[in-house]
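K.L.:
Residue strings, one per chain:
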Amino acid sequence: MKPPASPHFKTYLLICLMVTFGPLGNVLLGKGMRQMSASSTGTAAGALGLILRVLTSGTIWLGIGSLLTFFVAYMLVLSWADYSYVQPASAAAYGMVALLAHFILREVVTPMRWMGVMFICLGVLVVGHTPPRTTDGR
Amino acid sequence: MLALIFYLLIIGAGTGGELCVARAMKTVGEVKDFRPAALLRLVPRVLRVPSMWAGVTLMATAFFSLLAVLSTENVSLVVPVTALSYGAGALGGKFFLGEQVSARRWAGVFLVCTGVALVIVGRA
Chain A
49 MKPPASPHFK TYLLICLMVT FGPLGNVLLG KGMRQMSASS TGTAAGALGL ILRVLTSGTI
109 WLGIGSLLTF FVAYMLVLSW ADYSYVQPAS AAAYGMVALL AHFILREVVT PMRWMGVMFI
169 CLGVLVVGHT PPRTTDGR
Chain B
5 MLALIFYLLI IGAGTGGELC VARAMKTVGE VKDFRPAALL RLVPRVLRVP SMWAGVTLMA
65 TAFFSLLAVL STENVSLVVP VTALSYGAGA LGGKFFLGEQ VSARRWAGVF LVCTGVALVI
125 VGRA
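So the protein sequences, as listed, match chains A and B. Taking the working numbering, the leading residue of the first sequence gets 49, the next gets one more, and so forth. Taking the working numbering, the leading residue of the second sequence gets 5, the next gets one more, and so forth.
I should point out that these hints are in silico values taken from the structure, not numbers from a laboratory. Remember, predicted model here, so these are calculated numbers, not experimental data. Do not take every clue at face value.
Said to hold, decoys possible - Chain A regions said to be covered by chain B (calculated; three or more residues, Cβ under 8 Å):
| no. | segment |
| --- | --- |
| 1 | 69-81 |
| 2 | 94-102 |
| 3 | 105-112 |
| 4 | 172-182 |
Stated by the list, open to error - A few chain A positions that, by computed beta-carbon distances, are all more than 10 Å from chain B:
| no. | residue |
| --- | --- |
| 5 | His56 |
| 6 | Phe57 |
| 7 | Leu148 |
| 8 | Met166 |
Using N, Cα and C, we set each Cβ at its ideal position, and we do this for glycine too.
Make a model of the complete structure from these sequences and hints.
P.N.:
Okay, here's the thing in structure tokens:
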């Protein structure tokens, strides 16, 4: 893969990956584990069966892959960008979860939660207008 | 009192851990080659930095503190409190990593803190 052109571009790209794959990984793991617990028996044999089912579940592996992508993107972006920039910017994941819950899972999102999402988006927008890097990288 | 200690650990150790990981990545230096082989070569270099291990240990401490406090307190109370970690993160960025946190960035952090607390309270 060719390196991205500018520090701003690669910072935004990696934060987008974090905001997408972090919540996605949690949702997939949650979904996968709910499928498992419904059929576990609580005995040693049941526990072993549960582990085997976890290890052969496509949903769980997709969740693990998503969280791994999130973590790699997080580590890479911190190699040049400010922590005080990345941390609040990645809070956009909370907005992503609310949107996923409303439009994909058809969950009821309360007005207070939407207000919170608006605050987060506004905060991310404000932080996004500051320089991502204010140190010499050491 | 015990819950207060756990809250302090969640915010302090969690943010401290992330700050240590950030310092470790700054020590490794800016990553410019994103090919899979180059990223794999990066792993042993990252693991040789002591602050990475300190960061992972602190983050694990925060995680187990979160589990402990969740066994006695309501999620709707615990998780909004953890929104304070955004404020702690900005302070840590300024004093531990030497970042310049401008008034605009502080304003953004405050809005994010408020928003995260509202999202989590609104879930209840």
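K.L.:
Give a verdict on every hint.
P.N.:
Each hint, compared with the structure:
Under a criterion of three residues with beta carbons nearer than 8 Å to beta carbons of chain B, the stated coverage of the segment 69-81 of chain A fails, only 0 such residues being counted. Check on the segment 94-102 of chain A: 0 of its residues sit with their Cβ under 8 Å from a Cβ of chain B, so the three-residue criterion for coverage is violated. Judged by the Cβ-Cβ criterion of 8 Å, the segment 105-112 of chain A is not covered by chain B as claimed, because only 0 of its residues qualify and three are needed. Coverage of a stretch by a chain is defined here by at least three residues with a beta carbon nearer than 8 Å to that chain's beta carbons; for the segment 172-182 of chain A and chain B the count is 8, and the condition holds.
The non-interface label for A/His56 is consistent with chain B: the shortest C-beta to C-beta separation is roughly 14 Å, beyond 10 Å. For A/Phe57, the non-interface assignment is confirmed: its Cβ lies about 12 Å from the closest Cβ of chain B, beyond the 10 Å cut-off. Consistency note on A/Leu148: stated as away from chain B, and its beta-carbon is indeed over 10 Å from all of that chain's, at 13 Å minimum. Once the 10 Å rule is applied to beta carbons, A/Met166 is inconsistent with being away from chain B; the minimum gap is 7 Å.
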